[in-house]
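Novice: Given the sequences, and given the hints that come with them, work out the whole structure.
Residue 501 in our numbering sits at position 60 of the sequence shown; the count goes up by one each step and never skips.
Be aware that a few hints might be false.
Label pairs and their calculated CB-CB ranges [stated by the list, open to error]:
1) Leu460 with His519: 28 to 34 Å
2) Val463 with Ile542: 51 to 57 Å
3) Leu474 with Thr502: 25 to 31 Å
4) Arg522 with Leu482: 23 to 29 Å
5) Thr516 with Ala453: 47 to 53 Å
6) Ser469 with Leu528: 40 to 46 Å
7) Asp472 with Gly523: 38 to 44 Å
8) Ala485 with Gly556: 51 to 57 Å
Honestly, the hints are just simulated from the structure, not real lab data. Note that beta-carbon positions come from the ideal geometry of N, C-alpha and C, so glycine has one too.
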Amino acid sequence: MLPAVFADDDLALRFVGGLDDVLAPILSVLDCLDTYFDPALTPADFAQWLGTWVGAETDGTEPEDRLRAAVAAATRLHRVRGTRQGLSEAVRLAFGVEPEITESGGAAWNARPLGPFP
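Specialist: Right, dumping it as structure tokens:
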């Protein structure tokens, strides 16, 4: 709404109308900005880009639901990276199957190079 003094001015009305056309898409994005950072709600084209922000291991060929799951799980996977749980979750996300992981329970090592193993 313009002040009454400008309400009858054709130039002012056209100028404000042009601004509305330019700014409306920007304001629309800003109004729902939080949805762009939620992997379940973000637009499909933005989900891939969001994955690069959080370090999701994707190659761009996975289905959209798997991509969204990988993006949502990326930060959690970084916390358990290198562990049995982390490997299991990464395989489950990548291939959709439950892996069977068998660990030896430990590794032999010596603090001295070329020393005997305990």
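Novice: Now tell me, hint by hint, if it's right for this structure.
Specialist: So, going through the hints one by one against the coordinates:
{"no.": "1", "hint": "Leu460 with His519: 28 to 34 Å", "verdict": "violated (44 Å)"}
{"no.": "2", "hint": "Val463 with Ile542: 51 to 57 Å", "verdict": "holds (55 Å)"}
{"no.": "3", "hint": "Leu474 with Thr502: 25 to 31 Å", "verdict": "holds (29 Å)"}
{"no.": "4", "hint": "Arg522 with Leu482: 23 to 29 Å", "verdict": "holds (26 Å)"}
{"no.": "5", "hint": "Thr516 with Ala453: 47 to 53 Å", "verdict": "holds (50 Å)"}
{"no.": "6", "hint": "Ser469 with Leu528: 40 to 46 Å", "verdict": "holds (42 Å)"}
{"no.": "7", "hint": "Asp472 with Gly523: 38 to 44 Å", "verdict": "holds (41 Å)"}
{"no.": "8", "hint": "Ala485 with Gly556: 51 to 57 Å", "verdict": "holds (56 Å)"}
When the structure is compared with the earlier hints, a violation turns up for hint 1 alone.
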